[in-house]
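S.K.: One-letter residues, chain by chain:
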Amino acid sequence: MARDKAQPCELDQEKYDADDNVKIICLGDSAVGKSKLMERFLMDGFQPQQLSTYALTLYKHTATVDGKTVLVDFWDTAGQERFQSMHASYYHKAHACIMVFDIQRKVTYKNLGTWYAELRAFRPEIPCVVVANKIDADMKMTQKRFSFARKFSLPLYFVSAADGTNVVKLFNDAIRLAVSYKQNSQDFMDEVLQELENIDLEQKEQDLPGLEQAASTESLPPS
Amino acid sequence: MMCTAKKCGIRFQPPAIILIYENEMKGKSRQRIMPVRNFSKFSDCNRAAEQLKNNPRHKNYLEQVSLRQLEKLFSFLRGYLWGQSLAETMEQIRRETTIDPEEDLNKLDDKELAKRKSIMDELFEKNQKKKDDPNFVYDIEVEFPQDEQLQSCGWDTESADEF
Numbered sequence: 020m021a022r023d024k025a026q027p028c029e030l031d032q033e034k035y036d037a038d039d040n041v042k043i044i045c046l047g048d049s050a051v052g053k054s055k056l057m058e059r060f061l062m063d064g065f066q067p068q069q070l071s072t073y074a075l076t077l078y079k080h081t082a083t084v085d086g087k088t089v090l091v092d093f094w095d096t097a098g099q100e101r102f103q104s105m106h107a108s109y110y111h112k113a114h115a116c117i118m119v120f121d122i123q124r125k126v127t128y129k130n131l132g133t134w135y136a137e138l139r140a141f142r143p144e145i146p147c148v149v150v151a152n153k154i155d156a157d158m159k160m161t162q163k164r165f166s167f168a169r170k171f172s173l174p175l176y177f178v179s180a181a182d183g184t185n186v187v188k189l190f191n192d193a194i195r196l197a198v199s200y201k202q203n204s205q206d207f208m209d210e211v212l213q214e215l216e217n218i219d220l221e222q223k224e225q226d227l228p229g230l231e232q233a234a235s236t237e238s239l240p241p242s
Numbered sequence: 009m010m011c012t013a014k015k016c017g018i019r020f021q022p023p024a025i026i027l028i029y030e031n032e033m034k035g036k037s038r039q040r041i042m043p044v045r046n047f048s049k050f051s052d053c054n055r056a057a058e059q060l061k062n063n064p065r066h067k068n069y070l071e072q073v074s075l076r077q078l079e080k081l082f083s084f085l086r087g088y089l090w091g092q093s094l095a096e097t098m099e100q101i102r103r104e105t106t107i108d109p110e111e112d113l114n115k116l117d118d119k120e121l122a123k124r125k126s127i128m129d130e131l132f133e134k135n136q137k138k139k140d141d142p143n144f145v146y147d148i149e150v151e152f153p154q155d156e157q158l159q160s161c162g163w164d165t166e167s168a169d170e171f
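Residue numbers (my numbering), protein chains in the order written: chain A, 20 to 242; chain B, 9 to 171.
Okay, chain A solo, but in the shape it has when bound (with noise of 0.2 Å):
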């Protein structure tokens, strides 16, 4: 029955409703190092799963957060970035953001901006971090002040994919606050969405009164 919806894709994203798993999206402009980034992190763990089809690159890791195992998948761009879009797919029931910008580039921090707004048109609430990359090249620029972060109240973080400053730190943060946000709070959006799925249920049993056990069984929110 939950079947039936229109999938966006053979990505299994219900699995992102479990307890034990989260959905961590990485966003930003072309080569600002978000692989780069991911790699960093994972070291030899990595083994990204190319969904090209989706312009979509998938990690995998397994996480520790106060003695409870997470699976975290991290989702990266594969170049859909460059339509300074991505599909609704990438937001959905993504539970943090890393969003990612490079010290040497101006460009890739002003389009934070737009990265930002589409972000908040998805996902209103979850956690937001920002990166600022590449500190490797020019050190200066970590005693510079960015208002960006500042204006929206977002953690940011200097980092280095090269000589790995700080990326173990920014991911472990963003997993506790997936971890965190997906415990505490229901997204608005999460719950709008609920409640359209239940009226859609409801008027399911309207329609097919046969169904009427099967579809309150479906329609229960995941806890």
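Heads up, a few of these hints could be off.
[Said to hold, decoys possible] Calculated pairs, BS3-like style, for lysine-lysine (alpha carbon to alpha carbon, straight line, at most 30 Å):
#1 A:K188 x B:K139
#2 B:K139 x B:K123
#3 A:K170 x B:K115
#4 B:K125 x A:K159
#5 B:K134 x A:K159
#6 A:K188 x B:K138
#7 B:K14 x A:K79
#8 B:K134 x A:K125
#9 A:K125 x B:K14
#10 B:K138 x A:K125
#11 A:K163 x B:K115
#12 B:K115 x A:K159
#13 A:K79 x B:K36
#14 B:K49 x B:K36
#15 A:K129 x B:K134
Worth flagging that the hints you see were computed from the coordinates, not collected in a lab.
With the hints as your guide, set chain B onto chain A.
M.R.: Only chain B this time, still in chain A's reference frame:
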């Protein structure tokens, strides 16, 4: 064969890559002239460099010479064949081997983007701390406090600290 490359350059007429190197007999410099054949002003410098580097007769001598350097030498030759001055060719090479910080890379096609990425990769690899480096540390934390006193990055709109 032990071969220590000392210098590598290009001769325009007749075109040849010239390598100054030392072999086992230390202190004695030798010169190797590698003629450049079938190269026109329309040739691809990267491919020409690869072909020379993989040439069975020269391969061993060129082991220590980077592909990038050879490519650059071919670019000089190419510029010469177009009738450019040395300064013009240098400027062209500089443009092709550095990143224009103002350029919006989102707007490039795959091939051009790959070129920019390979230029960036050079610095990345230079600064990279690899797992097998003796002083490699996985988790490096450095604090960079963000406070009001800091100078603005200069990328924010001037008015009222707005982004």
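S.K.: For every hint, state whether the structure bears it out.
M.R.: Taking the hints in turn, this is what the structure says about them:
no. : hint            : verdict
1   : A:K188 x B:K139 : holds, 17 Å
2   : B:K139 x B:K123 : holds, 26 Å
3   : A:K170 x B:K115 : holds, 27 Å
4   : B:K125 x A:K159 : holds, 23 Å
5   : B:K134 x A:K159 : holds, 18 Å
6   : A:K188 x B:K138 : holds, 18 Å
7   : B:K14 x A:K79   : violated, 47 Å
8   : B:K134 x A:K125 : holds, 23 Å
9   : A:K125 x B:K14  : violated, 40 Å
10  : B:K138 x A:K125 : holds, 28 Å
11  : A:K163 x B:K115 : holds, 28 Å
12  : B:K115 x A:K159 : holds, 28 Å
13  : A:K79 x B:K36   : violated, 56 Å
14  : B:K49 x B:K36   : violated, 36 Å
15  : A:K129 x B:K134 : holds, 27 Å
Consistency note: the structure conflicts with the earlier hints numbered 7, 9, 13 and 14.
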